[in-house]
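Novice: Now for the letters of each chain:
There are 2 protein chains.
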Amino acid sequence: MTRKALIEQIHLKKSYLCVGLDTDITKIPKHLLSLPDPVFEFNKQVIDATRDYCVSYKINTAFYESQGIKGWEAMEKTVNYIPPTHFTIADAKRGDIGNTSSQYAKAFFEVLNFDAITVAPYMGEDSVRPFLEYQNKWTIVLGLTSNPGARDFELQQTGTERVYEKVLRTVSGWGSPENLMFVIGATQADEFTNIRNILPHHFFLVPGVGSQGGSLKDISDKAMNNDCGILINVSRAIIFAGKKEDFATEAKAIAAQYQREMSAYIK
Amino acid sequence: MTRKALIEQIHLKKSYLCVGLDTDITKIPKHLLSLPDPVFEFNKQVIDATRDYCVSYKINTAFYESQGIKGWEAMEKTVNYIPPTHFTIADAKRGDIGNTSSQYAKAFFEVLNFDAITVAPYMGEDSVRPFLEYQNKWTIVLGLTSNPGARDFELQQTGTERVYEKVLRTVSGWGSPENLMFVIGATQADEFTNIRNILPHHFFLVPGVGSQGGSLKDISDKAMNNDCGILINVSRAIIFAGKKEDFATEAKAIAAQYQREMSAYIK
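Chains as they are written, first to last, in this note's numbering: chain A, 3 to 269; chain B, 3 to 269.
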């Protein structure tokens with residue numbers, strides 16, 4: 003999906019919501035467990051219920067890998083089920099030496115046909131470049147993450163800036179706002195004005211609203227640009243809003259609530 | 003596998019060789035491609051041929067994921083085929099917020115029953131801890147990698163030390179030499195004396211000998227400790243030594259050559 007197409011979807015739906023399919027099989031409603039593929043059935047119903055309120059789905063690969071081959075099958079079926087109008091993200095946090103990163107790019111951009119993948123920056127340029135070589139695909143590099151561990155390395159000083167700032171500045175030179183985004187956690191609200199100054203044009207994928215406690219209004223105020231420029235991910239607070247047969251209706255209600263709030267913030 | 007058992011295997015075989023199963027389906031001998039599972043058949047023959055000369059096998063998950071569900075099946079069969087005398091490493095370079103890292107730990111320690119997994123440190127403590135919670139399992143954290151991109155962030159100064167040194171010092175406080183190793187690339191030979199001073203007791207997993215050009219003698223001189231303390235990984239130079247029907251014989255010859263050289267260096 004191109005940047006232009008993504009922005010069109012944002013304006014069409016008046017939403018910059020990304021629904022995170024962190025489908026933990028131990029947390030889905032019990033009545034699904036007797037079906038042949040409970041994880042896919044859960045995702046299918048969540049997607050059907052929320053698609054009008056979001057512009058993107060993010061699949062957290064860990065929750066699928068922990069189910070082995072069956073999980074990989076559920077991931078493949080899920081990404082194929084997501085409508086082509088929605089921006090699909092493999093939240094995989096991959097990254098390795100060049101010839102290995104090429105294999106990950108193949109896995110997520112060719113075999114699974116995601117629009118985007120999240121990538122860890124630690125190993126530097128040749129670990130990120132293979133993802134950027136794909137046309138109309140996106141690389142979403144970890145900048146400043148939402149978890150407490152962000153303080154261990156990301157927020158440490160290096161020269162005149164912090165490690166994550168160096169990552170933003172350096173990595174932004176390897177791609178463009180047309181094929182590169184950054185993960186910036188919503189729990190880091192104090193940093194958003196600074197981050198938007200460093201990178202005025204890039205989209206940010208923002209997890210940490212919802213269960214992790216980040217504020218949608220605060221982030222939207224500080225981080226939006228003229229093209230919207232943010233995708234807010236909400237996972238557990240939407241997909242596990244209900245725990246029984248009506249889980250999809252509950253998910254829809256919460257997604258709609260986020261969309262309504264977002265529609266007021268979009269310029 | 004415990005540290006004691008690993009050290010016993012090293013002394014028994016007079017080897018600290020890890021064979022890297024970076025099984026690229028486009029590079030395996032053509033006669034295997036008509037079999038139901040060419041990747042597993044290739045790995046099986048390589049394992050049978052090299053097991054007497056190495057103490058460990060490292061599966062690079064990218065080369066399996068790029069084959070989709072079939073690749074995940076080949077990985078599962080391969081890890082189950084490796085003898086229990088050998089230390090098995092999932093070279094997966096995972097790492098995410100706590101509840102997600104727990105799912106990766108489950109995938110590689112429970113579903114796939116690897117002894118160890120490689121983990122990226124960028125996201126800090128809560129992204130690494132879930133792996134360390136497993137008994138008799140190992141977390142191998144990226145320290146200083148073998149690729150050119152190591153200079154982008156790992157070798158940058160932060161306060162009085164480089165980023166990778168900060169990673170080594172900080173992460174070593176989260177586990178012990180009984181459940182924690184570090185990846186240190188063989189192409190970084192100049193740094194090994196310094197690194198061994200920082201971490202006298204830990205094992206290092208050392209890729210980059212072979213196709214990437216690191217020197218086995220140089221690394222062994224600088225990095226070994228009284229318990230050996232290093233696992234040298236060689237992937238392509240062993241598994242793709244031959245390109246025809248006799249690939250396993252060729253792999254065996256190269257593995258045996260590394261083992262002979264190592265037997266002279268072991269204290």
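A portion of the hints provided could be inaccurate.
Same chains, same names: a pair is fine if it fits in one copy or spans any two.
[Said to hold, decoys possible] Lysine-lysine pairs mimicking BS3-like chemistry, simulated, CA-CA at most 25 Å apart:
| # | residue 1 | residue 2 |
| --- | --- | --- |
| 1 | LYS72 | LYS46 |
| 2 | LYS108 | LYS219 |
| 3 | LYS72 | LYS246 |
| 4 | LYS72 | LYS108 |
| 5 | LYS16 | LYS29 |
| 6 | LYS16 | LYS72 |
| 7 | LYS245 | LYS108 |
| 8 | LYS108 | LYS29 |
Don't read these hints as lab results, they were simulated from the structure.
Since we're looking at a predicted model, the values are computed, not measured.
Novice: All hints, please: hold or fail.
Specialist: The hints, checked one at a time:
1. LYS72 <-> LYS46: Both ways: LYS72 and LYS46 sit 16 Å apart in one copy and 23 Å across, limit 25 Å.
2. LYS108 <-> LYS219: Neither: 37 Å inside a chain and 36 Å across chains, both beyond 25 Å.
3. LYS72 <-> LYS246: within (23 Å within a copy, 34 Å between copies)
4. LYS72 <-> LYS108: Close inside one copy (20 Å) and across copies (14 Å); limit 25 Å.
5. LYS16 <-> LYS29: neither (30 Å within a copy, 48 Å between copies)
6. LYS16 <-> LYS72: neither (36 Å within a copy, 40 Å between copies)
7. LYS245 <-> LYS108: between (36 Å within a copy, 23 Å between copies)
8. LYS108 <-> LYS29: Intra 31 Å, inter 16 Å, cutoff 25 Å: inter-copy only.
Checked against the numbered hints given earlier, the structure breaks hints 2, 5 and 6 and satisfies all the rest.
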